[in-house]
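Student: Read in my numbering, the sequence shown has 33 at position 23, and its numbers run on one by one without any break.
Check the hints yourself; a few may be wrong.
Straight line, CA to CA, 27 Å or less: simulated DSSO-like cross-link-like pairs of lysine-lysine [stated by the list, open to error]: (1) 31 to 79; (2) 68 to 37; (3) 51 to 83; (4) 83 to 31; (5) 51 to 31; (6) 83 to 37; (7) 31 to 68; (8) 77 to 51; (9) 68 to 83; (10) 68 to 51; (11) 79 to 68; (12) 79 to 37; (13) 31 to 77; (14) 77 to 37.
For the record, the hints were derived by calculation from the structure and aren't laboratory data.
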Amino acid sequence: MNIKVLGGGCRNCENLLAAVKEAVAEKGIEAEIEYITDMSKIMEHGIMSTPALMVDNKVVSMGRVLKAKEVMKLL
11 MNIKVLGGGC
21 RNCENLLAAV
31 KEAVAEKGIE
41 AEIEYITDMS
51 KIMEHGIMST
61 PALMVDNKVV
71 SMGRVLKAKE
81 VMKLL
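Hey, can you work out the whole structure from these sequences and the hints?
Tutor: Right under this line is the structure:
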């Protein structure tokens with residue numbers, strides 16, 4: 011599984027990244043987690059609001075800071 015957290019490096023983006031790491035650990039799944047802060051790469055994915063979360067190249071959340079339990083439901 012490939013998980014991408016996309017954002018500008020703000021506190022909300024960091025919080026989403028932490029929630030993703032917690033959710034992956036709690037579920038015990040193997041996942042490659044990427045944190046993308048390059049705005050040109052973020053725009054390539056069609057992201058207009060950060061933080062955003064992608065799972066296997068599909069945008070599953072945009073503009074929200076999810077809690078770990080919410081992330082687990084999306085994995």
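Student: None of the hints should be skipped; say for each whether it holds.
Tutor: Against the structure, the hints come out as follows:
| no. | hint | verdict |
| --- | --- | --- |
| 1 | 31 to 79 | 11 Å, holds |
| 2 | 68 to 37 | 20 Å, holds |
| 3 | 51 to 83 | 26 Å, holds |
| 4 | 83 to 31 | 14 Å, holds |
| 5 | 51 to 31 | 21 Å, holds |
| 6 | 83 to 37 | 10 Å, holds |
| 7 | 31 to 68 | 18 Å, holds |
| 8 | 77 to 51 | 24 Å, holds |
| 9 | 68 to 83 | 15 Å, holds |
| 10 | 68 to 51 | 15 Å, holds |
| 11 | 79 to 68 | 19 Å, holds |
| 12 | 79 to 37 | 10 Å, holds |
| 13 | 31 to 77 | 11 Å, holds |
| 14 | 77 to 37 | 14 Å, holds |
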